[in-house]
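Chemist: Spelled out from the first residue to the last, the chains are:
Number of protein chains: 2
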Amino acid sequence: MPQTQLQNRRFLLARRPHGDPAPDDFSLVSEPVPTPAPGGLVVRNHFASLDPAQRGWMDDAPSYMPPIPLGEPVRATTVGVVHASANPDFAVGDWVLGLNGLEDYSLVAPGGFTQKIDTSIVTSPTQYLSAMGAVGLTAYFGLLDAGQPKAGETLLVSGAAGAVGSAVGQIGKIMGCRVIGIAGGPEKCRRLVEHFGFDVAIDYRGKDVDQLAAEIAAAAPGGADIVFENVGGTVLDAELMNLAMQARIVLCGLISEYNSPEKVGARNLWQVLVKRATVKGFLIADYVPRFGEGGAQMAAWMAEGKLMMDEDVQVGLENAYAAFMRLFSGANTGKLVLQIAE
Amino acid sequence: MPQTQLQNRRFLLARRPHGDPAPDDFSLVSEPVPTPAPGGLVVRNHFASLDPAQRGWMDDAPSYMPPIPLGEPVRATTVGVVHASANPDFAVGDWVLGLNGLEDYSLVAPGGFTQKIDTSIVTSPTQYLSAMGAVGLTAYFGLLDAGQPKAGETLLVSGAAGAVGSAVGQIGKIMGCRVIGIAGGPEKCRRLVEHFGFDVAIDYRGKDVDQLAAEIAAAAPGGADIVFENVGGTVLDAELMNLAMQARIVLCGLISEYNSPEKVGARNLWQVLVKRATVKGFLIADYVPRFGEGGAQMAAWMAEGKLMMDEDVQVGLENAYAAFMRLFSGANTGKLVLQIAE
Chain V
6 MPQTQLQNRR FLLARRPHGD PAPDDFSLVS EPVPTPAPGG LVVRNHFASL DPAQRGWMDD
66 APSYMPPIPL GEPVRATTVG VVHASANPDF AVGDWVLGLN GLEDYSLVAP GGFTQKIDTS
126 IVTSPTQYLS AMGAVGLTAY FGLLDAGQPK AGETLLVSGA AGAVGSAVGQ IGKIMGCRVI
186 GIAGGPEKCR RLVEHFGFDV AIDYRGKDVD QLAAEIAAAA PGGADIVFEN VGGTVLDAEL
246 MNLAMQARIV LCGLISEYNS PEKVGARNLW QVLVKRATVK GFLIADYVPR FGEGGAQMAA
306 WMAEGKLMMD EDVQVGLENA YAAFMRLFSG ANTGKLVLQI AE
Chain R
6 MPQTQLQNRR FLLARRPHGD PAPDDFSLVS EPVPTPAPGG LVVRNHFASL DPAQRGWMDD
66 APSYMPPIPL GEPVRATTVG VVHASANPDF AVGDWVLGLN GLEDYSLVAP GGFTQKIDTS
126 IVTSPTQYLS AMGAVGLTAY FGLLDAGQPK AGETLLVSGA AGAVGSAVGQ IGKIMGCRVI
186 GIAGGPEKCR RLVEHFGFDV AIDYRGKDVD QLAAEIAAAA PGGADIVFEN VGGTVLDAEL
246 MNLAMQARIV LCGLISEYNS PEKVGARNLW QVLVKRATVK GFLIADYVPR FGEGGAQMAA
306 WMAEGKLMMD EDVQVGLENA YAAFMRLFSG ANTGKLVLQI AE
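Protein sequences appear in the order of chains V and R.
At position 113 of the first sequence the residue is numbered 118 (our numbering), and the sequence of numbers has no breaks.
At position 227 of the second sequence the residue is numbered 232 (our numbering), and the sequence of numbers has no breaks.
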């Protein structure tokens with residue numbers, strides 16, 4: 006192999022992890038950059054999204070997507086530039102978004118999900134992976150479609166300091182809602198109010214259901230018209246004690262339950278009956294056909310200075326393992342992105 | 006007081022019960038039949054509805070209705086005949102339905118909730134307290150409005166042998182659903198299939214969540230499109246493992262939780278997210294303005310032989326205490342009614 010040939014570093018899944026992924030579950034290899042088949046592309050990846058969902062794809066378990074094959078790069082949504090094109094709809098140099106892998110160059114087969122993106126409407130292409138990606142659009146469609154907010158209503162957001170939660174709160178403010186966030190620790194709570202414009206932030210740490218319910222009641226005497234739920238467990242139980250009549254609960258995540266051996270569930274479910282409330286399960290995968298519409302609105306709000314999303318951009322494909330593990334250590338703040346090229 | 010004056014026996018709340026009501030919490034007195042004020046009525050009560058809600062009204066606790074005052078008759082929905090009228094809209098002899106009391110004669114103040122009923126469309130006036138009363142209309146509006154059943158869908162009903170549950174299943178069959186009932190004991194299960202026309206009945210007794218979930222899965226391989234929930238706890242957890250995509254869960258009651266010191270709640274709530282399901286809290290009180298519409302349809306279905314509701318008619322105002330206690334001992338089968346007059 007001549008040294009002059011352009012090399013493609015690839016971060017492969019070498020072994021299926023047991024529990025927490027270990028460094029040896031992956032290998033970084035270097036191969037020649039491939040050539041596109043007729044109708045296909047080769048994309049130079051610039052940024053890749055790192056998400057908890059990727060951990061699920063590493064297991065040999067049925068999911069909404071097939072497992073990542075062993076010896077293949079870790080699947081990731083990326084934004085990048087067309088490096089070689091055998092498709093008349095794409096020109097070399099076009100910025101594109103697609104489901105590719107953690108590698109310098111991805112071979113895109115004809116007919117896959119790859120779309121051109123307009124980098125002129127964003128301050129960084131990474132916004133297509135954060136505010137305009139699945140995370141931001143979870144907030145957008147989850148709140149607007151499932152939550153149906155109206156001006157003057159009270160919106161209660163759990164996991165409010167996370168990328169989804171902070172966007173939900175800001176969109177709630179844009180819609181004219183009074184927004185109360187629940188997060189862990191005084192620093193996160195301060196940031197919700199001062200940085201993201203929440204009306205009230207409540208620290209859940211060290212509080213039982215009754216204490217947390219009392220704090221929510223003090224902040225929302227008329228109850229919550231909308232609950233945007235990312236957490237579950239004790240936090241959800243306290244929220245359920247503070248529903249307004251006909252409240253809508255958007256069930257977006259139950260992160261407190263995922264790694265707990267004993268599921269807590271919702272012990273105050275009877276309040277859903279008493280308040281004639283509605284609990285609606287939400288998955289962003291159902292909204293892929295509407296990503297363009299949602300992304301354009303999110304970009305417009307960011308341009309107007311009404312919406313911010315923190316990004317945690319880690320640099321270098323050679324650091325992919327350490328960057329990915331930030332998802333689980335609690336080290337990352339904001340949407341986690343891996344920069345593969347300048 | 007001359008012996009010839011018409012007497013009104015009244016079953017009074019003498020003392021607020023602690024826990025299970027005791028005989029001494031009540032007293033049966035006899036007073037002269039009253040005379041209506043202008044615009045009012047006196048109704049001869051023939052049948053009274055006995056319901057768990059009455060136990061709540063005996064407490065001095067805030068509810069959707071004020072507590073029954075001490076020294077007043079136990080509040081009850083009754084059907085009866087106008088005995089004396091000072092209201093031009095009602096004639097002596099008219100059959101009426103109203104919120105009155107456990108007594109021979111009720112004084113109806115002007116402007117209250119009392120309506121004439123058409124006894125020609127029913128086989129017994131008691132049907133205005135059962136299939137066409139709150140119990141039957143809970144099934145009717147709960148399934149049709151909150152559940153939105155479509156022909157060919159699978160309907161899963163818990164507490165299926167109860168008055169509400171058995172009506173839900175029958176209405177589901179009328180709507181063209183495949184109906185699976187969950188009940189306690191082989192006799193109740195046999196009755197669901199043979200008497201009420203359910204497609205499958207599952208006995209929950211002695212089964213944990215996994216076992217019950219497996220039985221539901223065998224009966225509904227594609228999952229339940231609608232769950233009509235009367236029970237909660239373990240039964241709900243097993244049902245949640247068997248949802249079809251976009252399932253609707255009508256939360257009508259959580260009877261297993263009401264007297265348990267530790268709430269179980271819904272530990273498998275994450276399935277609502279995975280299946281993009283909706284949980285909807287339902288209270289029949291919201292549907293009072295539509296009782297006429299629902300009652301007419303229920304009467305029509307009964308006349309066509311498509312719908313049956315068991316009634317447990319206990320006889321005699323002097324037996325009011327024993328009759329009421331049947332609600333809590335599990336002795337009653339079908340809608341419990343007290344017959345006050347022939």
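One should not assume that every hint holds.
Since copy identity is lost for identical chains, a pair holds within one copy or between any two.
Unchecked claim - Computed list of lysine-lysine pairs in DSBU-like fashion (alpha-carbon distance at most 30 Å, straight line): (1) Lys-268 <-> Lys-121; (2) Lys-193 <-> Lys-121; (3) Lys-178 <-> Lys-193; (4) Lys-178 <-> Lys-155; (5) Lys-268 <-> Lys-155.
FYI, nobody ran anything at the bench for these hints, they're computed from the structure.
Chemist: Now, for every hint given, state plainly whether the structure supports it.
Modeler: Going through the hints against the structure:
1. Lys-268 <-> Lys-121: neither (42 Å within a copy, 52 Å between copies)
2. Lys-193 <-> Lys-121: Intra 36 Å, inter 62 Å, cutoff 30 Å: neither.
3. Lys-178 <-> Lys-193: This pair counts as within: shortest intra-copy Cα distance 18 Å, inter-copy 53 Å.
4. Lys-178 <-> Lys-155: within (10 Å within a copy, 38 Å between copies)
5. Lys-268 <-> Lys-155: neither (33 Å within a copy, 33 Å between copies)
The structure is inconsistent with the numbered hints 1, 2 and 5, although it conforms to all the rest.
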